[in-house]
Amino acid sequence: MEYTTDYKIKNFTQVPDQDSINHLIHKALEFKSKPFKNQSIGKNKTLVLLFFNPSLRTRLSSQKAAFNLGMSVIDLNATEGWKIEYTDQMIMNSDKAEHIREAAQVISQYADIIGIRSFPSLTDKEKDYSDHIINRFIEFASVPVISLESAIRHPLQSLADVITINEHKKTHRPKVVLSWTPHPKPLPQAVPNSFVEWINLSDVDLVITHPKGYELAPQFTGNTPIIYDQESAFENADFIYAKNWSSFSNYGQIISPKSDWMITQKKMNLTNDAYFMHCLPVRRNVVVEDTVLDGKKSLVIQQSENRIYATQAVLHQLLSSANSL
Amino acid sequence: MEYTTDYKIKNFTQVPDQDSINHLIHKALEFKSKPFKNQSIGKNKTLVLLFFNPSLRTRLSSQKAAFNLGMSVIDLNATEGWKIEYTDQMIMNSDKAEHIREAAQVISQYADIIGIRSFPSLTDKEKDYSDHIINRFIEFASVPVISLESAIRHPLQSLADVITINEHKKTHRPKVVLSWTPHPKPLPQAVPNSFVEWINLSDVDLVITHPKGYELAPQFTGNTPIIYDQESAFENADFIYAKNWSSFSNYGQIISPKSDWMITQKKMNLTNDAYFMHCLPVRRNVVVEDTVLDGKKSLVIQQSENRIYATQAVLHQLLSSANSL
Amino acid sequence: MEYTTDYKIKNFTQVPDQDSINHLIHKALEFKSKPFKNQSIGKNKTLVLLFFNPSLRTRLSSQKAAFNLGMSVIDLNATEGWKIEYTDQMIMNSDKAEHIREAAQVISQYADIIGIRSFPSLTDKEKDYSDHIINRFIEFASVPVISLESAIRHPLQSLADVITINEHKKTHRPKVVLSWTPHPKPLPQAVPNSFVEWINLSDVDLVITHPKGYELAPQFTGNTPIIYDQESAFENADFIYAKNWSSFSNYGQIISPKSDWMITQKKMNLTNDAYFMHCLPVRRNVVVEDTVLDGKKSLVIQQSENRIYATQAVLHQLLSSANSL
Numbered sequence: 001m002e003y004t005t006d007y008k009i010k011n012f013t014q015v016p017d018q019d020s021i022n023h024l025i026h027k028a029l030e031f032k033s034k035p036f037k038n039q040s041i042g043k044n045k046t047l048v049l050l051f052f053n054p055s056l057r058t059r060l061s062s063q064k065a066a067f068n069l070g071m072s073v074i075d076l077n078a079t080e081g082w083k084i085e086y087t088d089q090m091i092m093n094s095d096k097a098e099h100i101r102e103a104a105q106v107i108s109q110y111a112d113i114i115g116i117r118s119f120p121s122l123t124d125k126e127k128d129y130s131d132h133i134i135n136r137f138i139e140f141a142s143v144p145v146i147s148l149e150s151a152i153r154h155p156l157q158s159l160a161d162v163i164t165i166n167e168h169k170k171t172h173r174p175k176v177v178l179s180w181t182p183h184p185k186p187l188p189q190a191v192p193n194s195f196v197e198w199i200n201l202s203d204v205d206l207v208i209t210h211p212k213g214y215e216l217a218p219q220f221t222g223n224t225p226i227i228y229d230q231e232s233a234f235e236n237a238d239f240i241y242a243k244n245w246s247s248f249s250n251y252g253q254i255i256s257p258k259s260d261w262m263i264t265q266k267k268m269n270l271t272n273d274a275y276f277m278h279c280l281p282v283r284r285n286v287v288v289e290d291t292v293l294d295g296k297k298s299l300v301i302q303q304s305e306n307r308i309y310a311t312q313a314v315l316h317q318l319l320s321s322a323n324s325l
Numbered sequence: 001m002e003y004t005t006d007y008k009i010k011n012f013t014q015v016p017d018q019d020s021i022n023h024l025i026h027k028a029l030e031f032k033s034k035p036f037k038n039q040s041i042g043k044n045k046t047l048v049l050l051f052f053n054p055s056l057r058t059r060l061s062s063q064k065a066a067f068n069l070g071m072s073v074i075d076l077n078a079t080e081g082w083k084i085e086y087t088d089q090m091i092m093n094s095d096k097a098e099h100i101r102e103a104a105q106v107i108s109q110y111a112d113i114i115g116i117r118s119f120p121s122l123t124d125k126e127k128d129y130s131d132h133i134i135n136r137f138i139e140f141a142s143v144p145v146i147s148l149e150s151a152i153r154h155p156l157q158s159l160a161d162v163i164t165i166n167e168h169k170k171t172h173r174p175k176v177v178l179s180w181t182p183h184p185k186p187l188p189q190a191v192p193n194s195f196v197e198w199i200n201l202s203d204v205d206l207v208i209t210h211p212k213g214y215e216l217a218p219q220f221t222g223n224t225p226i227i228y229d230q231e232s233a234f235e236n237a238d239f240i241y242a243k244n245w246s247s248f249s250n251y252g253q254i255i256s257p258k259s260d261w262m263i264t265q266k267k268m269n270l271t272n273d274a275y276f277m278h279c280l281p282v283r284r285n286v287v288v289e290d291t292v293l294d295g296k297k298s299l300v301i302q303q304s305e306n307r308i309y310a311t312q313a314v315l316h317q318l319l320s321s322a323n324s325l
Numbered sequence: 001m002e003y004t005t006d007y008k009i010k011n012f013t014q015v016p017d018q019d020s021i022n023h024l025i026h027k028a029l030e031f032k033s034k035p036f037k038n039q040s041i042g043k044n045k046t047l048v049l050l051f052f053n054p055s056l057r058t059r060l061s062s063q064k065a066a067f068n069l070g071m072s073v074i075d076l077n078a079t080e081g082w083k084i085e086y087t088d089q090m091i092m093n094s095d096k097a098e099h100i101r102e103a104a105q106v107i108s109q110y111a112d113i114i115g116i117r118s119f120p121s122l123t124d125k126e127k128d129y130s131d132h133i134i135n136r137f138i139e140f141a142s143v144p145v146i147s148l149e150s151a152i153r154h155p156l157q158s159l160a161d162v163i164t165i166n167e168h169k170k171t172h173r174p175k176v177v178l179s180w181t182p183h184p185k186p187l188p189q190a191v192p193n194s195f196v197e198w199i200n201l202s203d204v205d206l207v208i209t210h211p212k213g214y215e216l217a218p219q220f221t222g223n224t225p226i227i228y229d230q231e232s233a234f235e236n237a238d239f240i241y242a243k244n245w246s247s248f249s250n251y252g253q254i255i256s257p258k259s260d261w262m263i264t265q266k267k268m269n270l271t272n273d274a275y276f277m278h279c280l281p282v283r284r285n286v287v288v289e290d291t292v293l294d295g296k297k298s299l300v301i302q303q304s305e306n307r308i309y310a311t312q313a314v315l316h317q318l319l320s321s322a323n324s325l
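Chains as they are written, first to last, in the numbering used here: chain S, 1 to 325; chain Y, 1 to 325; chain D, 1 to 325.
In case anyone wonders, no lab produced these hints; they're calculated from the structure.
Since the structure is predicted, the reported quantities are computational estimates derived from the model, not experimental observations.
Do not rely on the hints blindly, as some may be mistaken.
[Said to hold, decoys possible] The list that follows gives simulated cross-link-like pairs (lysine-lysine, DSSO-like), each with its CA atoms no further than 30 angstroms apart:
| id | chain 1 | residue 1 | chain 2 | residue 2 |
| --- | --- | --- | --- | --- |
| 1 | S | K43 | Y | K96 |
| 2 | Y | K96 | D | K37 |
| 3 | S | K37 | D | K296 |
| 4 | D | K296 | Y | K83 |
| 5 | S | K96 | Y | K83 |
| 6 | D | K170 | S | K296 |
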């Protein structure tokens with residue numbers, strides 16, 4: 001399948017549509033075989049990265065992807081407390097020194113693309129699910145905005161995951177199981193939300209398994225089958241995608257630790273010799289047994305490598321869309 | 001007006017003279033129309049940025065300016081507590097691990113230009129106004145030093161402001177009003193000091209307005225008219241430049257909050273349809289009303305954009321001065 | 001002496017052998033005279049710097065060296081608390097979110113060379129002297145690892161020191177004295193350990209002088225003469241290399257402040273008009289008198305300059321070794 005024309009995107013915060021997934025996979029695999037083939041497109045262009053939360057994989061893979069395209073990068077570590085006011089018509093006499101209206105416009109003067117990471121509060125469900133931080137940046141930025149994981153989505157991770165599944169699938173339509181796992185801390189729902197969103201537009205049979213009470217937001221799961229019995233969900237699976245998330249209904253809570261939901265080799269034996277996937281970082285012997293993570297079917301490092309080419313494909317699309325507008 | 005020869009500068013910490021302002025404005029506007037026209041001058045040159053205080057605009061615009069000239073950049077975020085000893089003949093057995101003599105010489109081995117941001121204490125007037133930190137760096141550095149805002153001046157901001165006024169003025173000699181505004185925290189006098197210094201060497205009629213007790217240092221204001229009545233100062237103004245600063249006489253203090261000194265649309269209506277300027281970040285509805293900031297006459301985003309070309313003109317001067325020395 | 005073939009190295013954590021020292025010195029001095037002569041070797045290559053501890057010289061000189069070779073750099077400041085689990089088979093339910101097995105493999109996806117700084121605990125001698133952090137990175141990384149100072153060695157500093165001695169020696173076999181000095185805080189033994197290791201493979205007569213109780217680890221000192229009387233050690237010295245370190249036997253302790261061990265001009269007068277060396281940062285008038293540090297025989301700034309070319313030689317070796325493997 002050849003793609004002769006590029007579709008246009010203005011920002012990258014979620015899966016666009018089925019065609020665009022195929023296009024992005026195709027483009028990413030092109031870059032994987034020839035990472036430096038398109039360096040003129042990024043010349044004299046600057047990617048500004050705004051991390052309001054810690055990052056290893058995303059921080060490194062975004063920069064590597066930008067370098068591969070010939071871009072310059074400025075990494076603004078904003079975890080230390082750059083406090084932005086997001087609400088309009090405020091009398092700004094407290095600890096917030098700058099309003100999103102200025103912040104987004106100003107950064108746009110210095111950036112050709114802005115990447116933003118901003119985790120959810122896990123306390124205010126409505127605000128988190130409005131994805132207000134990245135959306136307010138998009139509202140006021142005059143250059144493309146790319147999500148480096150927002151309150152409710154992690155699209156670059158999901159694109160890398162879809163590429164990895166595509167590279168390793170043995171049947172046209174593999175069975176993929178997204179399995180909740182235990183974790184000592186309450187985590188966002190961004191990775192599973194995005195994963196479901198992307199996988200449901202791919203040639204994959206997706207099943208979600210988790211303890212009762214850990215249902216994801218219905219706008220993401222839609223009609224995806226949910227099985228509350230982990231072991232029966234694993235039967236005939238070609239890929240096990242492990243991830244913890246906190247409760248959506250009891251918002252942001254660990255409603256039950258459920259340590260018996262750890263992914264073990266014994267459970268993997270129930271599958272169709274499935275690959276094991278996880279977005280990392282992963283808590284060994286809490287989320288997954290060492291044996292599985294270190295085994296031959298573990299794809300976690302390949303997923304992290306594909307983060308480069310997923311991001312490179314997206315940056316390339318944003319740059320070429322900008323050029324042709 | 002054509003500039004065929006470059007004047008030489010060794011460091012950039014304040015306005016040089018009237019000729020050089022005109023030269024820098026000319027050069028900055030050249031770069032604004034062709035940002036990448038001079039990339040060979042920065043090849044294999046490194047700009048080291050030393051931020052002893054937080055920064056958004058300066059951090060981004062300095063890097064963008066350096067990239068535009070083909071330079072590499074190393075951004076040393078020193079806010080976390082790199083403690084330098086500035087006093088000579090000390091027995092260094094406390095918390096300061098390195099002396100300015102070594103620090104400045106060592107960084108000079110790795111940098112072609114050093115940029116330094118260092119805010120005032122706001123407690124020791126004499127020390128602050130000796131601008132001792134940047135001056136000690138200059139004393140021991142063997143490469144050019146550029147101020148990214150010192151204790152008492154912010155020359156890159158002022159150059160950007162002068163460029164912006166130059167672009168928007170409708171008469172040969174516009175009336176510019178520098179107006180004090182309220183602010184919840186005591187702020188340095190660096191921005192207004194520099195602004196007065198630069199504007200007074202430009203073709204501009206400058207008036208300063210502030211409540212009694214907020215007089216700036218006389219070495220900066222000189223004979224500039226000061227009007228204590230904000231509304232009468234605004235009459236016939238072509239540009240309103242808003243900025244809070246703490247008291248110079250009651251050094252570093254907020255002697256009176258004066259919330260009625262906020263810039264409002266009603267006050268703007270007293271002017272000659274004046275442009276509104278502010279260096280950002282700005283406290284909305286404390287320093288200035290939303291209506292003014294979001295209005296058609298607001299130049300704040302243009303000012304931030306011009307920070308790139310102001311810095312690029314200065315870096316270009318330092319690099320070409322170094323080449324020809 | 002001409003070196004027509006490059007020896008191969010996979011990682012750089014300590015002195016390789018006598019031949020390789022000569023080769024690296026030769027290469028470093030080549031780069032010192034022509035810093036940009038080899039920029040194609042680093043094109044499209046990325047150096048990832050992982051600082052688990054503060055750094056000025058190493059941070060700047062590594063980046064400058066990489067830029068000189070045409071490499072891109074990502075500087076991961078990990079001092080703020082990226083907590084990695086180094087022990088195998090742990091149930092990771094505490095504060096460590098990622099295991100070294102994933103961390104090292106993942107970074108290897110994004111880096112062509114990984115540089116790591118990790119200081120010792122100074123509390124657990126056995127663990128520190130196993131150099132477990134850098135060794136576990138090497139165990140799992142799939143790209144070359146370069147030490148930016150480990151728990152027990154600082155090889156880039158020592159290479160720079162050996163280059164500096166080589167440049168300034170007046171006899172074929174100069175006398176070099178490594179002298180312990182006072183310091184208000186307990187410091188690692190990494191710099192003196194490495195210095196002894198490198199110097200003992202060079203054409204140098206090395207003598208170590210320190211108060212009793214400050215003996216370095218025997219695996220580093222071997223048969224090097226130790227003289228407990230500082231003044232007699234200084235006789236006929238051509239180079240005085242000053243450095244504080246904490247006790248190895250009373251591990252990590254300051255067993256006695258010994259302020260009379262400061263390097264003074266009076267003591268320097270006992271030498272053969274010796275050069276003064278220190279790796280910096282240095283506590284003035286605690287470690288060494290101002291007069292000596294500011295005197296004509298002080299080489300401390302030259303040492304810091306040579307950090308660039310030492311690192312450039314090592315990076316070049318790692319890149320050309322990788323290319324030819």
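Here's how the hints hold up against the structure:
| no. | hint | verdict |
| --- | --- | --- |
| 1 | S/K43 <-> Y/K96 | violated (42 angstroms) |
| 2 | Y/K96 <-> D/K37 | violated (39 angstroms) |
| 3 | S/K37 <-> D/K296 | violated (53 angstroms) |
| 4 | D/K296 <-> Y/K83 | holds (27 angstroms) |
| 5 | S/K96 <-> Y/K83 | holds (27 angstroms) |
| 6 | D/K170 <-> S/K296 | violated (60 angstroms) |
When held up to the earlier numbered hints, the structure conflicts with 1, 2, 3, 6 and fits the remainder.
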